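**Student:** Each residue of the sequence shown is one higher than the one before, counting from 1 in the numbering used here.
Keep in mind the hints are simulated off the structure, nothing from the lab.
All of these numbers come straight from a predicted model, not from anything done at the bench.
Keep in mind that a hint or two might mislead.
Listed next, the in silico PhoX-like pairs over lysine-lysine satisfying Cα-Cα at most 25 Å (straight line) [unchecked claim]:
hint, residue 1, residue 2
1, Lys-29, Lys-119
2, Lys-119, Lys-277
3, Lys-240, Lys-277
Here are the computed distance ranges between Cβ atoms for each label pair [to be verified]:
hint, residue 1, residue 2, range
4, Gln-95, Thr-191, 49 to 59 Å
5, Ile-82, Leu-31, 28 to 38 Å
6, Val-235, Glu-259, 19 to 29 Å
7, Arg-96, Gly-210, 33 to 43 Å
8, Thr-72, Asp-125, 24 to 34 Å
9, Gln-189, Glu-263, 36 to 46 Å
10, Thr-191, Thr-13, 33 to 43 Å
11, Met-185, Asp-208, 13 to 23 Å
12, Ile-265, Gln-189, 42 to 52 Å
13, Asn-142, Gly-12, 54 to 64 Å
Backbone N, C-alpha and C fix where the C-beta goes; we use that ideal spot for every residue, glycine too.
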Amino acid sequence: MENMYLAIDIGGTMMKWGLINKQGTIIKKELISSNNGDADTILSSIDSLAATYREQITAIAISAPGFINPDTGYIQMGGAVIGFNDTHLKDLIEQRTSLPVTVENDVNCVALAEKWLGKANELTDFACLTVGTGIGGALFLNNQLYHGRSFRSGEFGFMISGNKEDGLSLKNSMSRQASVKGLRMDYAQLTEQPVDKVTGEDVFSAYDEGDERAQHVVDHFYTQLANCVINVASVIDPQKILIGGGITRRPTFLDELNEKLTEFIGFPVPTDICYFKNDAGLIGAVANYRLRTENSELFKQ
């Protein structure tokens, strides 16, 4: 059997893993619990996977949340996995498994996957924006991933929406105002339900059925998401903004967003749905490993 990479996509609820070859083909993949982002659970799972597939893998490629220095694998802030705060994750896993390891931010891995084998293959300047529990992002500029001075570039969720009059705070951030979690929270409040009893699917089903409360919160969601897209586009003027997240499975999502975008500005904002869905982190992690360790020229100039 050909040598493969063990790709790991760490999340706050679940951890995806896969065996991937050099061409980016997924040979095998599974989803396992991360025990609500418990660092010890995640590390133990990686140990077990590395031991199980030791004869088949040459390295471990990791996609993880947080502020990550991909040169060293140091995580300053672990996002959904707070146990990885101030952790040299690359060194730690290399010591535990005796295999070479790379670590990159999860949305940066989405961008790398799209550039390598997805819809950004022919692009040199684009942004990725993920919509879920919060808003995540990544910037690919001048044909390379842009990290910023402190490895925090693309944190679109921290942008302030400015839609309230009670001061600038995190509740006015894009991660609150333009996320699916924010949508659920707003609808739960209007319908006097616990937020954990309301799903994004519930809200959009009510919206499609003409529920006025759902129409109000969905309109607010698209308004704020359009704000976010326009802010990103106006700063970097990208060839395209690729959007990912479960919400993009809605067949009318892009049309609804673009309709809202046309209400704001007179110039076009080129948007599209990411090609890769749940596998983006795995494929992007392998792209990151190959770029950093094999002097691979994966990307078209």
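**Student:** If any of the earlier hints don't hold here, list their numbers in rising order.
**Tutor:** Of the numbered hints given earlier, those the structure breaks are 5, 7, 9, 10, 12 and 13, listed in rising order.
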